[in-house]
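In order, the protein sequence lines correspond to chains A and B.
Under the numbering used here, the letters of the first sequence match residues 47 to 368, in that order.
Under the numbering used here, the letters of the second sequence match residues 4 to 92, in that order.
Treat the hints as calculated values from the structure; they're not laboratory data.
Values in this document were obtained by computation on a predicted structure and should not be read as measured data.
All the pointers check out, no bait thrown in.
Residues on chain B that point at chain A, a partial pick, calculated with CB under 10 Å: (1) 40; (2) 42; (3) 43; (4) 44; (5) 45; (6) 46; (7) 47; (8) 48; (9) 50; (10) 52; (11) 58; (12) 63.
Derived Cβ-Cβ restraints for the label pairs, each shown as a range: (13) 39(B) x 312(A): 50 to 58 Å; (14) 55(A) x 60(B): 43 to 51 Å; (15) 50(B) x 193(A): 19 to 27 Å; (16) 39(B) x 169(A): 27 to 35 Å; (17) 60(B) x 143(A): 25 to 33 Å.
For every residue, glycine included, the Cβ atom is placed at its ideal position computed from N, Cα and C.
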Amino acid sequence: MEFAVGFLLLAIAASSLAVYAPITFSIATVFLFAGPHNWVEARYFLSRLPARFGKYKKFFAWSFGGIAALMIGYTALMCALQIKAVTGTAGSALLGLWNTLFVLWIVRLIVLSGKWQTDRDRGLALPFGLLAISFALAFPAWFGLSLVYLHPFIGCWILDRELQRSRPQWRPTYHLCLLSIPLFLVAIWWSLHGACATVQSSDVLAMQITRHAGAQVIPATSSHLLVATHTFLEMVHYGVWLVAIPLVSAGWKNWHPGSIPIAHRSPEFKRLVPAIFATSTFTVVVLWVCFALNYSVTRDVYFTLAMAHVLAEIPFLLKTIS
Amino acid sequence: MRTQNLVALILCLMAAVQQVQADIAPGPAPPPPDQSLPVVLAGVCLSMAIVFFGLWFVNFQKAAKAKLKAAGNVGTTPMNDLNQLSNSR
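Please put together the full structure from these sequences, using the hints given.
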């Protein structure tokens with residue numbers, strides 16, 4: 047009951063703020079929660095990694111290798127586009143290649159994750175992957191935008207798996223909470239429908255935020271509505287990672303790095319895990335300082351580097367549902 | 004010493020951020036990229052997806068038939084055994 051009340055209060059507050067002050071709310075949420083949510087996510091992923099990979103060795107090798115390779119490729123491509131080292135056509139082709147490799151990587155992970163579940167029909171992974179690649183090649187902007195809007199739901203899915211593992215009695219309530227998300231979205235669209243609600247895009251930051259929400263991809267739709275929708279979903283995502291998952295997985299009860307299984311793999315890992323904690327904490331502080339110094343540039347840099355956590359969520363989710 | 008290092012780091016970051024901001028000043032709009040090759044490749048992928056869906060469906064039907072056949076065999080075997088038993092008597 048407390049879970050449902052908390053969820054609904056957060057959703058009501060987020061949707062109201064997203065409708066009445068979308069740009070300010072977007073700036074505030076990213077400033078406050080972007081770094082800490084990545085910190086909690088990294089902490090949670092580390093705590094759920096097994097000390098020995100055993101039969102999952104190949105799956106984890108593909109996961110880590112894919113995350114590293116795709117991340118390097120994405121960052122290099124974004125930097126090259128930013129400094130205009132590649133032309134528009136070459137950039138578009140490289141983005142298409144990246145999207146294709148990204149989908150193929152997911153297909154490979156699905157096939158590998160199905161290995162320890164004999165009754166799962168994984169023969170559909172490749173045809174669905176090819177369908178996704180054809181969509182990504184024909185409509186690259188829509189593919190990118192769908193990643194932006196679908197990403198918050200991956201956190202919700204991971205929370206569902208965690209509930210099944212830790213608090214199965216909370217799951218029906220959580221499912222009802224999830225069903226309320228479309229209602230909130232409809233309420234946002236209804237309240238902004240018809241009004242000439244276009245965000246003033248005179249300054250660079252407002253343009254950046256509206257572009258991120260897809261204003262260039264869907265120019266016919268009010269940018270106010272797009273930013274409000276995106277900010278609301280982002281806030282739900284931050285709520286899931288910063289409140290719900292630590293609460294459900296009892297993450298706050300044990301802060302000690304020694305509680306993480308992978309720390310017991312070897313003496314090197316025992317030293318590495320606290321180092322990861324210290325570095326990630328320092329990164330969150332640096333991110334806040336950079337946001338305070340220059341929000342616009344830091345936001346661009348952050349969302350480029352944040353692709354790493356979008357990628358990391360995929361193998362993690364596949365492992366939890368396998 | 005650590006505080007000095009942190010201050011130096013923050014100053015470096017500030018300089019880097021300002022440099023990046025200067026670099027990304029809006030310029031003239033680039034020409035629209037050529038879309039013919041991606042569309043052709045998308046068509047190829049779509050065709051391959053249809054072929055693989057077809058293959059999956061054929062395999063699925065084969066497996067379902069084999070399962071049905073196996074279930075049928077299981078059902079008839081005791082009857083055969085019973086008939087054989089009654090004939091022998």
